[in-house]
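Asks: Here is what each chain is made of, one letter per residue.
There are 4 protein chains.
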Amino acid sequence: MRRQPAPDMLMPYRHTLTDRVQFADTDMAGIVHFSNFFRYMERVEHDFFRSLGMSIWDGHNVVVNEERVGWPRVHASCDYRAPLMFEDVFTMELLVEEVRRKTIRYLVRFWKADGDLSAEGRLIVACVQRDKTTGKMKAVEIPQRILETLEVAPPEMLKGPGSASK
Amino acid sequence: MRRQPAPDMLMPYRHTLTDRVQFADTDMAGIVHFSNFFRYMERVEHDFFRSLGMSIWDGHNVVVNEERVGWPRVHASCDYRAPLMFEDVFTMELLVEEVRRKTIRYLVRFWKADGDLSAEGRLIVACVQRDKTTGKMKAVEIPQRILETLEVAPPEMLKGPGSASK
Amino acid sequence: MRRQPAPDMLMPYRHTLTDRVQFADTDMAGIVHFSNFFRYMERVEHDFFRSLGMSIWDGHNVVVNEERVGWPRVHASCDYRAPLMFEDVFTMELLVEEVRRKTIRYLVRFWKADGDLSAEGRLIVACVQRDKTTGKMKAVEIPQRILETLEVAPPEMLKGPGSASK
Amino acid sequence: MRRQPAPDMLMPYRHTLTDRVQFADTDMAGIVHFSNFFRYMERVEHDFFRSLGMSIWDGHNVVVNEERVGWPRVHASCDYRAPLMFEDVFTMELLVEEVRRKTIRYLVRFWKADGDLSAEGRLIVACVQRDKTTGKMKAVEIPQRILETLEVAPPEMLKGPGSASK
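Chains as they are written, first to last, in our numbering: chain A, 195 to 360; chain B, 195 to 360; chain C, 195 to 360; chain D, 195 to 360.
The shape of chain A in the complex, shown without the other chains (with noise of 0.2 angstroms):
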């Protein structure tokens, strides 16, 4: 199943980023290890937050330190269809699906350079902040400045080539 992704352009909902497949992302199968796809996945994801004039490290903003929120994740899962190799061009697509009162969960495809899907990830994001009085993280309210930016992708864009179970 082929599907190339649209051309990018700003927008509060899909964000894609094309990268080429390095040799210490390989495994000795010779095959980008499972592993890396979960690191891409971020990737993209803070590149969507810098197209956005925001950046997933509140100290690069410019907001105040009781302001400051984190992102740590608390899901993370792909579906593999079709390996990337080494110098592959691939094209990462991510997709806002849900946005609720404390958490973002986003879809991630990976498109090689024919248009066919390499594979299908899900990262679930929760916005902490840090505790004044035990100092440790603990989930908050998105803050409405990043709330006013995002926008669930439509859903025609959110069913999929891929067959992920959410």
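The reader is advised that the hints may include incorrect statements.
When chains are identical, the list treats them as one kind, so a pair holds in a single copy or across two.
Stated by the list, open to error - Think about it this way: if two alpha-carbon atoms lie no more than 25 angstroms apart in a straight line, the pair counts; the simulated BS3-like pairs of lysine-lysine are:
(1) 330 x 353
(2) 330 x 296
(3) 353 x 296
(4) 306 x 332
(5) 330 x 306
(6) 353 x 326
(7) 332 x 353
Hints are computed from structural coordinates only; laboratory data are not their basis. On a predicted model such as this, the values are computed, not experimentally measured, just so you know.
Please arrange chains B, C and D on chain A, whose structure you already have, making use of the hints.
Replies: The following block gives chains B, C and D in isolation, referenced to the frame of chain A:
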């Protein structure tokens, strides 16, 4: 919620491995980067095979060429509960959750030294063989020599402290 | 000490590549883990080969089997001056420092966006081929087709801002 | 050339650690990726500190805030002799090669199970402290509590099977 992993003995459906978090496994948030839990899962899976007198890499077994199989991942997921930090000692507990004709599903729990659950993950691996005609990998039935060695864990072991969706 | 890398053009002895620090590349000290500079060095080396119309992996070139060579590293070193942080943009500048009969030595400088030198490293790679009799890799003379493509950088480029010992 | 590492005892200038190559450490050439030797070196360095009752991360020692030091790498190098493969068991042998006022130089040898030398590397680490005024890290003299714990290895141990240049 706490449950200490039982002391390990040779079992065809359960294996544990204890390790310590390395500096390079952490990220700037001060915790183990989420992608490394997938490397850890693979580590206990491979150690499980060795504990049963096999290797995940059939070149390391005394297996004639035409019977060699490989185990690419078709699915990987992880639910994160409590972070692991530098120098933390943790125990991975692997359970065989399901054996189908061509795939195996593993459940891996990450236990902190204090008995808390840090994370719970799953791997689905497919048994593949190189097709003599096309040269490509294709899914095949798990060889008898391996099926004989494995068992599915008892249901009460699989029902667990984690609520991770399958 | 500052020196901006010159704008890049196709050169048989110099190549630059600009990238951004990823979250997974950092460690709990908040900086890029020192081992990742070696991955970065390899990245610019491989990109250099591509810029010259070759691939470091001869399977990707139109090279008949018996002429295929590989490039294992026999030496790698790095001197660290100023750390790179998450989301920092940096430029790798690779120079061909020496070409011998069977080895190439590269010098790689890491430039921060403000023109400061972050690190300076070296790779010595050996040209190897699989011995038909033993099946083992052995060092061989660099093929003419590659020698023709490369040049050693002019001495004034190699004398550098860094005082890294060879 | 072969030399078996001597059995390990607690020593203020020598430490060994035995490990097994993981699948994710290999690359498509079927061997441990060269960058991972630097991760391995750091692993034995940190294990050496633990063997002496310390931690490389002063937050883990009972050290008051203003006496805490860190150990960024200022130099790292490795000479590669014979590759390590998946599931190979290998032993890292760390020796304290030099202690200066603000830096320590370690020599790390990688021994294969058959006694062959796989690689030989060096780390130079600087003792740093956060400057109270600027907030930046700056090199400081190694605290007495640490100097008392370490010794330089005897010259005959450092003269070695490897000819790695310093």
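Asks: Determine for every hint whether it applies to the structure shown.
Replies: Now the hints, each set against the structure:
In this assembly of identical chains, residue 330 and residue 353 lie within 25 angstroms of each other by CA distance neither inside one copy nor across copies; the values are 38 angstroms within and 30 angstroms between. For the homomeric pair residue 330 and residue 296, the shortest alpha-carbon distance inside one copy (17 angstroms) is at most 25 angstroms, but the shortest distance between copies (34 angstroms) is not. Taking the closest pair of Cα atoms, residue 353 and residue 296 come within 25 angstroms of each other only inside a single copy of the chain (24 angstroms); across copies the shortest separation is 28 angstroms, beyond that limit. In the homo-oligomer, the alpha carbons of residue 306 and residue 332 lie at most 25 angstroms apart only across protomers (19 angstroms), although the nearest pairing inside one protomer, at 38 angstroms, exceeds that limit.
Only between protomers do residue 330 and residue 306 lie at most 25 angstroms apart by alpha-carbon distance; the minimum there is 17 angstroms, versus 41 angstroms within a single protomer. Taking the closest pair of Cα atoms, residue 353 and residue 326 never come within 25 angstroms of each other, the shortest separation being 42 angstroms inside a single copy and 37 angstroms across copies. Proximity of residue 332 to residue 353 under the C-alpha cut-off of 25 angstroms is found in neither arrangement, the shortest distances being 32 angstroms within a copy and 27 angstroms between copies.
The structure is inconsistent with the numbered hints 1, 6, 7, although it conforms to all the rest.
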